[in-house]
Amino acid sequence: MADDIQWRPDASLANLRLRAGMLAQVRQFFTDRDVLEVETPLLCQATGTDPHLEALALELTPGDLRFLHTSPEFAMKRLLAAGSGPIYQLCKTFRQDETGQRHNPEFTMLEWYRPGFDDHRLMDEVEALTRACLPSDVFAGQATIPRIPYRELFRRTLALDLLFASDKELLACVEQYTDVGEMALSRDDTLHLLMSLAIEPRLREPVFVTEFPASQAALAQVTQDDEGGAVARRFELFVGGMELANGYLELTDNTEQSRRFDADNRQRQRAGLPVRAADTRLLAALAHGLPPSAGVALGFDRLVMLAAGAGHIREVISFVADNA
Amino acid sequence: MATFSTNEFKPGLKVLLDGDPCSILDNEFVKPGKGQAFNRVKLRNLLNGRVWERTFKSGESLEAADVMETDMSYLYSDAEFWHFMKTDGSFEQFPADKAAVADALNWLKEEDVYVVTLYNGSPISVTPPNFVEIEVVETDPGLKGDTAQGGSKPATLASGAVVKVPLFVNIGDVLRVDTRTGEYQNRVR
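Residue numbers (the numbering used here), protein chains in the order written: chain A, 1 to 324; chain B, 325 to 513.
It is possible that part of the hints are untrue.
[Claimed, not checked] Cβ-Cβ distance ranges computed for the label pairs, FRET-style:
no., chain 1, residue 1, chain 2, residue 2, range
1, B, Asp427, A, Ser136, 49 to 59 Å
2, B, Lys366, A, Pro292, 39 to 49 Å
3, B, Ser446, A, Gln176, 29 to 39 Å
4, B, Ser385, A, Leu56, 19 to 29 Å
5, A, Gly85, B, Ser385, 46 to 56 Å
6, B, Glu377, A, Pro146, 23 to 33 Å
7, B, Ala403, A, Ser186, 53 to 63 Å
8, A, Pro146, B, Lys366, 29 to 39 Å
9, A, Leu58, B, Glu377, 31 to 41 Å
[Said to hold, decoys possible] Which chain A residues stay away from chain B? Per the calculated CB distances, all over 10 Å, these:
no., residue
10, Glu37
11, His120
12, Cys173
13, Met183
14, Val222
15, Arg259
16, Arg268
17, Leu283
18, Glu315
[To be verified] Computed, partial: chain B to chain A, Cβ under 7 Å:
no., residue
19, Thr327
20, Asn331
21, Pro356
22, Gly357
23, Lys358
24, Glu377
25, Arg378
26, Ser385
27, Phe455
Calculated directly from the structure, the hints in this document are not laboratory data. Heads up, the beta-carbon is just placed ideally off N, CA and C, and yes, glycines get one too.
Generate coordinates for the entire structure from the input sequences, incorporating the hints supplied.
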């Protein structure tokens, strides 16, 4: 009977040793730079409103609903507002219904914030960290990781200019890659599909994608690009055809933050998803004043995947959700 | 009928898509850090055999298809149908049309057991076993003493299949053949 039960770890012991070494490396990297390690609650009273992220919920006492965080962002911003200075966190993060080759519902996030940095200075630091953690062949001889605006990336890879391309043209491009049947797709859904199916697999060598469409700003500031289009001061790092990190020049305006929470919740209502109450403690901290900061979240499991040359996330996690 | 959500799509699951029964071959979850999650699903249409990839928004669901795979022995054919009978002792018989038996047509032998796929109770496909043993009904005369040497010739089997066989094979020999490749394996008797 016991012979039938799968009890062995998913990751090899060699990869677990590699992982432990990388955790130590990350901590050393931030110690050397005087960035403070912090721990914030996993179990929170409020959760994010992002319509594409579902938090796992549980009852602290009967009827008292708490959420496992989908990122430590809100609590870390409250620390920044309280004057913490630069901070980082390595923590477990939870997202409902995310299981796949590169997703486990419980994963390890490396998130850090730099008061006084802008997004480009933070990209320099993200690059320094990845170079410290990954074998040099990952960088394929690049002196620095190139930074390509989102619009330019679509122009180069798919010959689509997003400023002028109609929804119909975008959909026609999607249909070259997959059959979507009668699926209802918003313009952003279509862009996400093109990014995931057509562009991301080609981003083998490291690249920072910058200047995301304002509609995909999430918690980043919105500014104008050279041609006057509204773009988000948001960046993503892709390595080995995989999204590794997502960063912002952080939104500090509490009124704008509140407006985005409301917009998310309206979208949630339209999609039949539960509305999530705005995190009033975060809004109060922003009202008090968040220092101008840049922040970034990096998937630590994926960083280990790249170092180990792993094709599936289970190769670097001791026990994945199915085996936990 | 039950429905299945994208996170329950596993290889082998049978679902209804655009009115046709389909078998799921593969399911890949893709999600940009900020944005809609999708599942890229590889499917086989069980009516026409077409294999393709359809993308769904994660969380969408499909109705289960009433598809069953059952062992049945082949009985006989008339002008229009090929008749099979369940091997579970029920003696229940099912007529399969030409489209359903297409993949097995070359390998049918009375009393042999096949996997018959039923959709809403009717056969939609017949899968032969990986290996069948069938008698040769036509081939050039065998060359004695040629068992070691290479060289081959065509032989027609009782089921109608034409396979390449070694030169020593004679009419009346029973051959073991791999139905997936159509290749001769050995002479059984």
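These are the hints, each one checked on the structure:
For the pair B:Asp427 and A:Ser136, the supplied restraint of 49 to 59 Å holds, since their beta-carbon distance comes to about 52 Å. Between B:Lys366 and A:Pro292 the C-beta distance comes to about 47 Å, which sits within the given range of 39 to 49 Å. Roughly 37 Å separates the CB atoms of B:Ser446 and A:Gln176, a value that falls within the hinted 29 to 39 Å. The hinted range of 19 to 29 Å is satisfied by B:Ser385 and A:Leu56, whose Cβ atoms lie roughly 20 Å apart.
In this structure, A:Gly85 and B:Ser385 meet the distance hint of 46 to 56 Å, their C-beta atoms being roughly 48 Å apart. The supplied range of 23 to 33 Å is met by B:Glu377 and A:Pro146, whose beta-carbon atoms lie about 31 Å from each other. The hinted window of 53 to 63 Å between B:Ala403 and A:Ser186 holds, with their beta carbons roughly 55 Å apart. Between A:Pro146 and B:Lys366 the beta carbon distance is about 34 Å. The supplied range of 29 to 39 Å therefore holds.
Under the hint 31 to 41 Å, the C-beta atoms of A:Leu58 and B:Glu377, about 36 Å apart, fit the expected range. At roughly 23 Å from the closest C-beta of chain B, the C-beta of A:Glu37 stays outside 10 Å, upholding its exclusion from the interface. Listed as a non-interface residue, A:His120 keeps its Cβ farther than 10 Å from every Cβ of chain B; the least gap is roughly 19 Å. Remark: the non-interface label on A:Cys173 is consistent with the geometry, its nearest Cβ contact in chain B lying 13 Å away (cut-off 10 Å).
Remark: the non-interface label on A:Met183 conflicts with the geometry, its nearest Cβ contact in chain B lying 6 Å away (cut-off 10 Å). Every CB of chain B lies more than 10 Å from the CB of A:Val222, the least distance being 14 Å, so the non-interface label holds. Against the 10 Å criterion, A:Arg259 stays outside the reach of chain B, whose nearest CB is about 17 Å from its own CB. A:Arg268, annotated as away from the interface, keeps every beta carbon of chain B farther than 10 Å; the closest lies near 13 Å.
The beta carbon of A:Leu283 is kept farther than 10 Å from every beta carbon of chain B, the shortest such distance being approximately 20 Å. The claim that A:Glu315 lies off the interface holds: its Cβ sits roughly 16 Å from the closest Cβ of chain B, which is beyond the 10 Å cut-off. For B:Thr327, the shortest C-beta to C-beta distance to chain A is roughly 16 Å, which exceeds 7 Å, and the interface hint is violated. About 6 Å separates the beta-carbon of B:Asn331 from the nearest beta-carbon of chain A, less than 7 Å, and the hint is met.
The closest approach between the C-beta of B:Pro356 and any C-beta of chain A is roughly 5 Å, which is under the 7 Å cut-off, so the hint is satisfied. With its C-beta approaching chain A no nearer than about 5 Å, B:Gly357 sits inside the 7 Å limit, and its interface hint holds. Checking B:Lys358 against chain A: minimum C-beta separation of about 5 Å stays under 7 Å; hint holds. The interface hint given for B:Glu377 holds, since its Cβ lies 6 Å from the closest Cβ of chain A, which is under the 7 Å cut-off.
The beta carbon of B:Arg378 comes within 5 Å of a beta carbon in chain A, closer than 7 Å, and the hint placing it at the interface holds. A cut of 7 Å between beta carbons decides the hint on B:Ser385: the least distance to chain A is about 13 Å, and the hint is violated. Evaluation of the B:Phe455 hint against chain A yields a violated restraint, the C-beta minimum of about 30 Å exceeding 7 Å.
Hints 13, 19, 26, 27 from the list above are not met by this structure, while the remaining hints are.
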